Amino acid sequence: MKKFDKERVLLAVAGPVIALVSAILLTSVVLVASGKNPFEPYVLMLQQASFSDVQVLIINQASMYYLAALAVAIGFRMNLFNIGVDGQYRLAAMMTAVVGAHVALPSFLQIPFLMLVAMLTGAFWAGIAGVLKTTRGVSEVVSTIMLNAIATSLIGYLTLSNVWGVQVGNNMTTGIMKKSGWFPGINLGADVGEIYGLVFFAILAGILYWLVLNRTRFGFDLRATGASETAAAASGVDAKKMVRTAMLISGAVAGLSGLPLLLGDAHTYSLSFPTGLGFTGITIALLGRNNPVGIAFAALLIAFLDKASPALDYATPVAYEKEIATIMQGLIVFAVVISYEAVRQWGLRRQQKRVGAELAAEANNNSHKKEVAA
Amino acid sequence: MKILYGMQKPDEGTITVEGEQVAFGSPADAIARGIGMVHQHFMLADNLTVLENVVLGSEKLYGIGGGARKKIKEISDRYGLGVRPDVLVESLGVADRQRVEILKVLFRGARTLILDEPTAVLVPQEVDALFENLRELKSEGLSVIFISHKLGEVLSVADDITVIRRGTTVGTAVPSQTTPRQLAELMVGSELPTPETAESTVTDEAVIEVNGLTVHAVGGPSLGELAEPSAGGLLTEATAETAGEVKRVLDDVTFTIHAGEVMGIAGVEGNGQTELIDALIGLKHADSGSISFLGEDITAWPTRKRREQGVGYIPEDRHRHGLLLEAPLWENRVLGHVTERPNAKGFWLDLKAAQEDTRRIVEEYDVRTPGIDVTAASLSGGNQQKLIVGREMSHKPKFLIAAHPTRGVDVGAQAQIWDQIREARREGLAVLLISADLDELIGLSDTLRVIYNGKLVADADPAAITPEELGSAMTGAASGHLEHVEESTEDATDAAPEDEA
Numbered sequence: 002m003k004k005f006d007k008e009r010v011l012l013a014v015a016g017p018v019i020a021l022v023s024a025i026l027l028t029s030v031v032l033v034a035s036g037k038n039p040f041e042p043y044v045l046m047l048q049q050a051s052f053s054d055v056q057v058l059i060i061n062q063a064s065m066y067y068l069a070a071l072a073v074a075i076g077f078r079m080n081l082f083n084i085g086v087d088g089q090y091r092l093a094a095m096m097t098a099v100v101g102a103h104v105a106l107p108s109f110l111q112i113p114f115l116m117l118v119a120m121l122t123g124a125f126w127a128g129i130a131g132v133l134k135t136t137r138g139v140s141e142v143v144s145t146i147m148l149n150a151i152a153t154s155l156i157g158y159l160t161l162s163n164v165w166g167v168q169v170g171n172n173m174t175t176g177i178m179k180k181s182g183w184f185p186g187i188n189l190g191a192d193v194g195e196i197y198g199l200v201f202f203a204i205l206a207g208i209l210y211w212l213v214l215n216r217t218r219f220g221f222d223l224r225a226t227g228a229s230e231t232a233a234a235a236s237g238v239d240a241k242k243m244v245r246t247a248m249l250i251s252g253a254v255a256g257l258s259g260l261p262l263l264l265g266d267a268h269t270y271s272l273s274f275p276t277g278l279g280f281t282g283i284t285i286a287l288l289g290r291n292n293p294v295g296i297a298f299a300a301l302l303i304a305f306l307d308k309a310s311p312a313l314d315y316a317t318p319v320a321y322e323k324e325i326a327t328i329m330q331g332l333i334v335f336a337v338v339i340s341y342e343a344v345r346q347w348g349l350r351r352q353q354k355r356v357g358a359e360l361a362a363e364a365n366n367n368s369h370k371k372e373v374a375a
Numbered sequence: 006m007k008i009l010y011g012m013q014k015p016d017e018g019t020i021t022v023e024g025e026q027v028a029f030g031s032p033a034d035a036i037a038r039g040i041g042m043v044h045q046h047f048m049l050a051d052n053l054t055v056l057e058n059v060v061l062g063s064e065k066l067y068g069i070g071g072g073a074r075k076k077i078k079e080i081s082d083r084y085g086l087g088v089r090p091d092v093l094v095e096s097l098g099v100a101d102r103q104r105v106e107i108l109k110v111l112f113r114g115a116r117t118l119i120l121d122e123p124t125a126v127l128v129p130q131e132v133d134a135l136f137e138n139l140r141e142l143k144s145e146g147l148s149v150i151f152i153s154h155k156l157g158e159v160l161s162v163a164d165d166i167t168v169i170r171r172g173t174t175v176g177t178a179v180p181s182q183t184t185p186r187q188l189a190e191l192m193v194g195s196e197l198p199t200p201e202t203a204e205s206t207v208t209d210e211a212v213i214e215v216n217g218l219t220v221h222a223v224g225g226p227s228l229g230e231l232a233e234p235s236a237g238g239l240l241t242e243a244t245a246e247t248a249g250e251v252k253r254v255l256d257d258v259t260f261t262i263h264a265g266e267v268m269g270i271a272g273v274e275g276n277g278q279t280e281l282i283d284a285l286i287g288l289k290h291a292d293s294g295s296i297s298f299l300g301e302d303i304t305a306w307p308t309r310k311r312r313e314q315g316v317g318y319i320p321e322d323r324h325r326h327g328l329l330l331e332a333p334l335w336e337n338r339v340l341g342h343v344t345e346r347p348n349a350k351g352f353w354l355d356l357k358a359a360q361e362d363t364r365r366i367v368e369e370y371d372v373r374t375p376g377i378d379v380t381a382a383s384l385s386g387g388n389q390q391k392l393i394v395g396r397e398m399s400h401k402p403k404f405l406i407a408a409h410p411t412r413g414v415d416v417g418a419q420a421q422i423w424d425q426i427r428e429a430r431r432e433g434l435a436v437l438l439i440s441a442d443l444d445e446l447i448g449l450s451d452t453l454r455v456i457y458n459g460k461l462v463a464d465a466d467p468a469a470i471t472p473e474e475l476g477s478a479m480t481g482a483a484s485g486h487l488e489h490v491e492e493s494t495e496d497a498t499d500a501a502p503e504d505e506a
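As they're listed, the protein sequences go chains A and B.
First residue of the first sequence: 2, per my numbering; consecutive thereafter.
First residue of the second sequence: 6, per my numbering; consecutive thereafter.
Quick caveat, the hints were computed from the structure, so don't treat them as lab data.
A hint or two may mislead.
[To be verified] Which bits of chain A does chain B cover? Going by a derived footprint, with three or more residues having C-beta under 8 Å, they are:
1. 214 to 221
2. 237 to 251
3. 344 to 355
[As the list claims (entries may be wrong)] Derived BS3-like pairs (lysine-lysine); straight-line CA-CA distance at most 30 Å:
4. A:K354 x B:K357
5. A:K242 x B:K401
6. A:K242 x B:K310
7. A:K242 x B:K289
[To be verified] Far from chain A, by Cβ distances over 12 Å, these chain B residues were calculated:
8. D34
9. S205
10. K401
All values reported here derive from a predicted model rather than from experimental measurement.
We treat Cβ as the ideally placed atom computed from N, Cα and C, and that holds for glycine.
Build out the structure end to end from the sequences listed, making use of the hints.
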């Protein structure tokens, strides 16, 4: 950590840069193929990003993406693919909204209490997949996808008006949460908007993530299990327990990822609550290489694409489809996976060669010593 | 062997096939040249039929239907392999599978067969049948390269023997003019290592006591309750027979290792060594029997607790069990000892101390590396091993499981690792040494045991044993002969210290 190895920084940056550049180029190819200007949409989107209200939207959105991506990254660090972040997040947001609408504690208790509800719900939903994996050998990829679908139906049922739902116009909501559970934000004026207070909580979560993974025994065991399950087992890690624990933590963080919006703005869970956050989180975790700082940049980038693209539809004189941003996100996923693997292998080989070269000189000096010994 | 089959490229030297110099980039090139390999671990898909397995990957040769079936029958009849093309591979026994492997190779038009330890998994009658097949192949003009540890088998089946030791050809022999003893000497090397170990440091403080340890093969129904592990060999054999499919990978293993004692275990690979190691380190739990460590029963202890209490572990496969290949060296130094000083202070890792200590290990154990931030994968095998040895020794283990501690390690590093084990032993370390290198076993051990088929079938004094005797015990040949080994060594035990002193 102390001495910054230039090589390592280069390798760490090379992957994302190559991925982004190729994703942009490929998007331009798509634009050209559909007979559009291949560069103007980028300019338009960048212009959008210079408006403060869009910036607020981006930051707010990024905070939710960030938490969802952390949840995914915790799984990734130990070779678990938690595709169920989306289901965990939605279920947790709904449960929190319901509890928040019925329980009224003073604010300093209500907010931690709601966060706990969100974490427990997310952890519970992810824990099902963890238990299935360790007891029955069910792949967490399959079970979490299925749990996503089950979560959708469960939420649909629980928000019926004869269960916990409250109908507002055409929208099914869970009723307005008690005021003490609203998390205050930073108000930047009526035409700019409000930054969710929980944005700072997301930053805190990132620091905690880094601290636990890199500075604690538990984090080491988790990373070791991800790097080599056999070596971790031989080093004394109980693999099954580790799978369950990682799933629970991942689920708990996933559960939190809806709160910036829920406690900061929406104050109710409704049909219009965003879905797909968990899947975007996978993209972001990949792009950010499971690194808390990398994920932050990735979350901002994807949030930027999300929030700057709608303006494309209304651009003058030529309008562009805002789906260009979606195409770009998809291409980023492809490019990221390919370029990271290529850079990783290239880096390993390069290091092997370098170490070999550095030792060759030494070996030459020692070679006749060795011969005498043999 | 891997080079010959095109799986690895040679750094130097040439291969000549039928007078023509060749270079193989992949197994496909080797197959095209008529070289086929039967691997020690079969490469068959259980859920496909014999026909499908044989055709897989070479569909173009005879199609996948009738043509292929006819060809398989033809080969099978010609060499007396007795292969039925339409049965599922999962229903075949080991010997039949091996014949399918041979047929697969012949189907691809091989003129030279490489058999890697083909008899390791066979019972004696099956071995005879295999040799019958091989003679058949030979008489049809094919060449066979037969790789084996088992001296007797090599002598009975080969026309020409080449002995390889540590990567170089050390000699050739003609079976008709060679005794197993001469061959063993070639294999081990004329100069047996200096028995520095002779000054015995064995104390009478038992460090590890293993009693009636039995482990069943994974997947097989556990009949542990039925069989009485403490009963004599006769009963165990009887129950094993009635049990049918259940394989005891470790069968009633009992031994004690004292402080300052190195116990060597000799045996052909796959006779239960891996399971013994796993049971001792806690990766596998005993189906019956007990393990105690410094008088405490640790049979139910998890791996971490065992390691914390002073069980050191040099794994047989360092890539799978000993290292995180893509992690830097200092993280590898933490691996396995994450809860101990200097790596951790309570709940937190102590990065500084861990890195500092890694530098010390690199220095003291002569790990050749440009720094402690490079990944473990970028070190050579010998240096990786030195790091592991250094790591394990740094925690002052009381009991060390050393599985092939010098496998794939160059001569210099090998001597160094031996010295470290000897030194620790002088300070009262108990060592279980498992090795395929007879040199190493005889040179380092205070006592020797031979494992065969999951049982400890013989014990010996390394000062008196000959590799030949050890070899015959390793193949499980004639149990009567083993008693002779035991008797002769027991006599020798008294005499040995005087001899050496």
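#### Entry: Hint consistency between K242 of chain A and K310 of chain B [alpha-carbon to alpha-carbon, up to 30 Å]
Between K242 of chain A and K310 of chain B the Cα gap is close to 15 Å, so the pair holds against 30 Å.
### Query
Taking a Cβ-to-Cβ distance below 8 Å as contact, does the segment 237 to 251 of chain A have at least three residues touching chain B?
holds (count 3)
### Query
Is the Cβ of S205 of chain B farther than 12 Å from every Cβ of chain A?
Answer for S205 of chain B: holds, closest chain A Cβ roughly 26 Å.
### Query
Is the Cα-Cα distance between K242 of chain A and K289 of chain B 30 Å or less?
The hint holds at about 16 Å.
### Message
Run the distance test for K354 of chain A versus K357 of chain B: straight-line Cα separation, threshold 30 Å.
### Response
The hint holds at about 28 Å.
### Agreement of K242 of chain A and K401 of chain B with the hint, judged by alpha carbon distance not exceeding 30 Å
28 Å, holds
### Message
Please verify that the nearest CB of chain A lies beyond 12 Å from D34 of chain B's CB.
### Response
23 Å, holds
#### Entry: Cβ contact check, 8 Å cutoff: the segment 344 to 355 of chain A against chain B, three residues minimum
Holds, because 4 residues of the segment 344 to 355 of chain A bring their Cβ atoms closer than 8 Å to Cβ atoms of chain B.
### Minimum Cβ-Cβ distance from K401 of chain B to chain A exceeds 12 Å
Answer for K401 of chain B: holds, closest chain A Cβ roughly 17 Å.
### Query
Holds or violated: the segment 214 to 221 of chain A covered by chain B, criterion of 3 or more residues with Cβ-Cβ distance under 8 Å?
holds (count 7)
Of the numbered hints stated above, none is contradicted by the structure.
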